[in-house]
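Next come the chains, spelled out residue by residue.
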Amino acid sequence: MKAPAIELKRLTRYFGSRPVVRDLDFCVPEGKVTALLGLNGAGKTTTIRILMGLLSPTRGAAMTLGQDATKMSTSTRARIGYLVEGHFLYPSMRVRQCESFQRVGYSQWDDSMFREIVDHFGIDPDAKVSTLSRGQRAGVSLGLVLAPDPELLVLDDPALGLDPVSRRALNETLIEFAGGGRRTVLLSTHLLDDVERIADRVAVMVGGRLKVDASLESFRDRVTFFTVPAGATSDASDAKPFAAVPGLIEARRLGGAWQLAVADADQETMASLSRVAGDAVTRNDTTFSDAVLAYLTRERGDGSFLVSGRQASGSVSTS
Amino acid sequence: MNALIKKEFGDVLRWTPLGMIGAFVAAWLIWPTQNSHSYAMEESLISQLGLAAGVIAVALGLLQSLFDTRNDSRGYLLHRPWRHSQIFWAKVIAGFMAYVLTLTPAVIATAMYLGWKGIDWLPVGAGQVIPFCCYAPFVFVLHPMVIWIANRNASWTGTRLLPAVGVVGAVLLVWAGIESLDAGQMLVGTGVLVVAIGLAVPLTLWASRHAFTSESYLPPASSAQNFCRSNVVLLAISGVVLYTTVAAFVIESLPKEARVYNQYMVALGEQDEWVQVRTTHAASNWNSMTTATRPIDGKAEFESTKQLPLSKSGTYLGTALGQDRGQWLNRFSNLGSFESDSTAGGTLTLTRDGDRILAYNYNGLQGVITPDGFSPIASKSTGGFSGKVTVLTLSRTARKNFSPNDNPVLMDDAGLYQWDASGKSVKRLLAGDFQAAGLSLGATSDASFFWTISGTTLTRYDLELRPSSEETLPFVSEIVEMTYSYQLPLISLHAAETFEVAPVRQNETVRIVRADDGRYGLVRSDNGRDSQYRMLSGDGSQSLASVDLPIPAVPISEARLGGAIPPILGFIAGVATLLGSVQVPASHWLWILALIQGLVAAVAVWWITGTRGFSQRSRIAWVVTSTMLGIGTLIGIVAIYPKLICEACPRCDQQRRVDREACEHCSQAWDAPTDDGIEIREQEPNLAPAMAEIS
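So the protein sequences, as listed, match chains A and B.
Positions 1 to 319 (the UniProt record's numbering) are the ones given, in order, by the first sequence.
Positions 1 to 695 (the UniProt record's numbering) are the ones given, in order, by the second sequence.
None of these hints come from the bench; they were simulated from the model.
Beta carbons are placed, not taken as given, at the ideal position from N, Cα and C, and that holds for glycine.
Some clues are possibly wrong.
Stated by the list, open to error - The following residues of chain B were derived to be distant from chain A, with all beta-carbon distances above 12 Å:
hint, residue
1, S47
2, D413
3, R428
4, T444
5, L463
6, D530
7, I645
8, T674
As the list claims (entries may be wrong) - Derived lysine-lysine pairs resembling PhoX-like cross-links, with alpha carbons at most 25 Å apart:
hint, chain 1, residue 1, chain 2, residue 2
9, B, K312, B, K400
10, B, K6, A, K128
11, B, K400, B, K380
12, B, K643, A, K71
13, B, K117, B, K380
14, A, K2, A, K71
Hey, can you work out the whole structure from these sequences and the hints?
See the structure below:
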């Protein structure tokens, strides 16, 4: 039995009277890449700030590498690489100065790794941070975070604003770093393709709560999509009849049909669908992105920008 | 830590030229170009360049804090294997280095300018920057104050800025303490400085460090991370200072009833008997005065009378103890301007510079005055006065102050001298250590006498004109009455008679009155209310009689301040009044209002502490504190203790705190969130969570 690298227990955080994260129970296993997904405002960054010891929980607890995050020691911090949202670096520093500033306090620092990453992103070590592109800043940030060879890597939206080439470079670096199961990565992102490429596990936060915490394969297997022709229901424009379907994540109108996403579909699901639409129900292939989007769309409760205003009742989800 | 200091210093370094320019302009504005502007350079530097220093400290604090309150910048800075307190101290040290660097050019330029001008042109010197250099490090306390404010767990529209009230108040208090010391109030000044510097600096640093290392994580209301002793003390004080200032401002802005102002004294009456005199200044015009007297025993009402003659109300003797001889802050001190027929412009301004006097006209330094004489070239002057020399205040009568416009009498620890303004010479009039001296002007020239007190001997001197004098002996003429000044001739003093008296005490006033029959009386007073008096006789056998004069009534409008000041001060004022140990007694309304304020504060604090989940012991402690410190304590409590966030408990339906695991009313734990039926959770095999289930 192995202890998790990160463990959250009933973690709750309020800002004012608004709960941003509520009763979060979540473990990040050691040696895996776990993707933390959710819409903006779902509580991902707040959760990461708490487990990095930068924000106190309102109640509940967060353990990072076996230590209470609110009392994180300097030695524990040294074992964690944390890439903050937006690839923050001091604009007045040069890349070389960033390195010499960052390395202070770390017992180990891999110069060659830092140089390799910087080279990989095509960055001049004497360049000023303020002159770097967003992708280059991401490269420097990644180099600074990886050079101390951390056990745990926490990345808060590392691909934010990156061009495709930089994104690929970032993903390659992460795959190389996390390969072999020696290191743990918690990755918060909106880029589902990247997640599918590099993550072992996926966690989806909806409205401050954790709805999904599973391996990528398991998640994909347990979400099922069905198509129901609009004419098969009593009211073609009303999604309400589907609300009774057990495990319904989302029902959305797509052209002349309803597309339903269902979690853990079973006999009861099928029976319920038959009651609403008879034999017109067909099962579709599930992609990872569609499955995630079903959860995320559920939170926002909207569809196409073109039809969202006209079809207020065109989407439904159970709650 | 050096790397972080270097980084923090590098961050603010590029802004320092802006600060340097600001500091230089602030200093340049007070560089003296005229004699009259140059005396209080030390004070001017402390106040005006000190203000610029404060702005620079605040600006540096903002530069080093505001960016790091952003989540990305803060996360990047704090997530490294350093203790967060190390990061805080690195910021403070780097800020101090930048602060010193920013102020240095302005200070050096000022010192160079003052040194370059030197005393030949104006009474200035490079050393005048030293008091500012001692004061400026304390002003830097505003830098950690800004870090404290930036990292506080409070709203900008709420109490976030409250620490500024206490810390800026402490900076002003230090300035007041320096002024008090300079004015010779050693006990008050030292006490103020010890409290302001000894408490404000460490408390601000610790509160700031606590805010940076704990409060900035926005801990919940129940967390001990919200509190440290330093921030509790400083925020409570800040709340009290804020309330007192605002309430006093409002109260002082309210319309007031016009106040009749009465002064009481002991003097000789028409029949040369001792009487109590009341001088009433009319409410509508304080220049309109009426005089009333009553017997010295106070057993009759005051009756209006005509104004007493100058001689019967008497002349105060200037006491060395009360002179400006105790001042130390400013190197140069203006002793006044005196006519001089032999000087271009006709006037010489005397400036004390340590043990010598510098004489200036509009052309610059004309010479140096010492007991050895007058030297036109400063470097060739010899000798020096004993201790600090001052121009003696002569002829300060109970009704009017007259002053000589030429030939002033100088006083030092070794004697009395007269400066011959036209002949430019100094003559020692008397040798000895005198504690008090004065000139009582009579209605005629032969009724003017000089008085001194040395130890237990009061001596009356006859005045005699020196041969070189072109003036007549002074007396109160119509011109003197009108201009308040007289021509003091060059005089010699001859002891006429002596009297045995008690030594002069600190802050004591001594007055000589003269009866119609030529006898003299002595009136002494410590606080203006109690007066001791006797007619003077040669053997000193007659002891002083004593009388308590009436207490001037304080109108209720002034007692309203009892609603503003901390009740404990009102209580102290009340007790001091009852014991009769204050010069201006407090109206009983002052402490009644203070008491009411204390009670209102206690009730309000009892209520508010109940809504914020205080323990019973804590509530009682705060109620006691608020009874003493007043309504301002409420502001402090609101600032110290975050507002509770509550939700309805599903079991008992009462509002429960969201930051506690169990309901404080029914001990119910939080219910697990209800699943929507869409949850997909699959724990990794072989995973052993370390934490037990939270209940």
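Taking the hints in turn, this is what the structure says about them:
1. S47: Non-interface label on B:S47 holds, nearest chain A Cβ at 35 Å vs cutoff 12 Å.
2. D413: holds, 61 Å
3. R428: holds, 69 Å
4. T444: holds, 83 Å
5. L463: holds, 77 Å
6. D530: Holds: least Cβ distance 62 Å, greater than 12 Å.
7. I645: violated, 5 Å
8. T674: Given a closest Cβ separation of 10 Å, the condition is violated.
9. B:K312 / B:K400: Roughly 13 Å separates the two Cα atoms, so the pair holds.
10. B:K6 / A:K128: With a Cα-Cα distance of about 17 Å, the restraint between B:K6 and A:K128 holds, given a limit of 25 Å.
11. B:K400 / B:K380: violated, 41 Å
12. B:K643 / A:K71: Holds, because 24 Å separates the two Cα atoms, which is no more than 25 Å.
13. B:K117 / B:K380: It holds: about 19 Å lies between the C-alpha atoms, which stays within 25 Å.
14. A:K2 / A:K71: holds, 22 Å
When each numbered hint is compared with the structure, violations occur for hints 7, 8 and 11.
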